[in-house]
Amino acid sequence: AQSVTQLGSHVSVSEGALVLLRCNYSSSVPPYLFWYVQYPNQGLQLLLKYTSAATLVKGINGFEAEFKKSETSFHLTKPSAHMRDAAEYFCAVSDGETSGSRLTFGEGTQLTVNP
Amino acid sequence: NAGVMQNPRHLVRRRGQEARLRCSPMKGHSHVYWYRQLPEEGLKFMVYLQKENIIDESGMPKERFSAEFPKEGPSILRIQQVVRGDSAAYFCASSPSPGQGQGAGEQFFGPGTRLTVL
Chain A
1 AQSVTQLGSH VSVSEGALVL LRCNYSSSVP PYLFWYVQYP NQGLQLLLKY
51 TSAATLVKGI NGFEAEFKKS ETSFHLTKPS AHMRDAAEYF CAVSDGETSG
101 SRLTFGEGTQ LTVNP
Chain B
1 NAGVMQNPRH LVRRRGQEAR LRCSPMKGHS HVYWYRQLPE EGLKFMVYLQ
51 KENIIDESGM PKERFSAEFP KEGPSILRIQ QVVRGDSAAY FCASSPSPGQ
101 GQGAGEQFFG PGTRLTVL
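The listed protein sequences derive, respectively, from chains A and B. Residues 1 to 115 (our numbering) make up the first sequence, in order. Residues 1 to 118 (our numbering) make up the second sequence, in order.
You may find that some hints are simply not true.
As the list claims (entries may be wrong) - Below 27 Å or equal to it, Euclidean Cα-Cα: the simulated BS3-like pairs (lysine-lysine) are:
hint	chain 1	residue 1	chain 2	residue 2
1	B	51	B	71
2	B	44	B	62
3	A	69	A	58
4	B	44	A	69
5	B	51	B	62
6	A	68	B	44
Stated by the list, open to error - Each pair of labels, with its calculated beta carbon distance range:
hint	chain 1	residue 1	chain 2	residue 2	range
7	B	41	A	29	20 to 28 Å
8	B	41	A	61	20 to 28 Å
9	A	83	B	5	28 to 36 Å
10	A	29	B	15	35 to 43 Å
11	B	41	A	79	27 to 35 Å
No lab work stands behind these hints: they were computed from the structure. From the three backbone atoms N, C-alpha and C, an ideal C-beta is built for every residue, glycine too.
Only chain A is shown next, with the shape it has when bound in the complex (with noise of 0.2 Å):
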């Protein structure tokens, strides 16, 4: 069976400093990992995806994540953060890269940017 934790539902930062958003996993098998966004009364958009390549992924909006293997870690980050990232992240894990392979969501973790 496979999960995912994010540590901390709520994380505030000001406007310009470092995004951190953390996202630990447990799978059986090598995970395909995602980071997704949701904005209020909107679906989920993709952020970016980790598939077993390179380690350090760059999605949109400025926006990385680094597969750490040994951590079991998926941690997202993003150098300035802007009034605009404030939404809700979801990190979730699936097993496999065929279609078929059914994600499972951490409970999510709000972004508050302050001005």
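Model the placement of chain B on the given structure of chain A, informed by the hints.
Frame of chain A, contents of chain B only:
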């Protein structure tokens, strides 16, 4: 290139009524997934379907919930005799078949249907 479409976006039902949620996958996608998001929680997998087949329904409640993805038309998530605990956002996602080259394992999400049970 239209994304995943869901309708209605908002649905209000009284206890005991039926709710029907529709999902049209992205063009060329033959895999559909349904997820439920309860207030203040993450998304939970419900069911995975391909055309005319339910592949994995391990996340579906045992009673009152059913899903289909017919050969023609959208995928339907049906909730019979709704109760207040069914109030949630229901998201549909789609993905291409293996070998179609886009997005290993990636699922594309619709905007969701927000169900409110009075």
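Cross-check of the supplied hints:
no.: 1; hint: B:51 to B:71; in the structure: 6 Å, holds
no.: 2; hint: B:44 to B:62; in the structure: 15 Å, holds
no.: 3; hint: A:69 to A:58; in the structure: 17 Å, holds
no.: 4; hint: B:44 to A:69; in the structure: 25 Å, holds
no.: 5; hint: B:51 to B:62; in the structure: 22 Å, holds
no.: 6; hint: A:68 to B:44; in the structure: 25 Å, holds
no.: 7; hint: B:41 to A:29: 20 to 28 Å; in the structure: 26 Å, holds
no.: 8; hint: B:41 to A:61: 20 to 28 Å; in the structure: 25 Å, holds
no.: 9; hint: A:83 to B:5: 28 to 36 Å; in the structure: 30 Å, holds
no.: 10; hint: A:29 to B:15: 35 to 43 Å; in the structure: 42 Å, holds
no.: 11; hint: B:41 to A:79: 27 to 35 Å; in the structure: 30 Å, holds
In this structure, none of the earlier numbered hints is contradicted; all agree with it.
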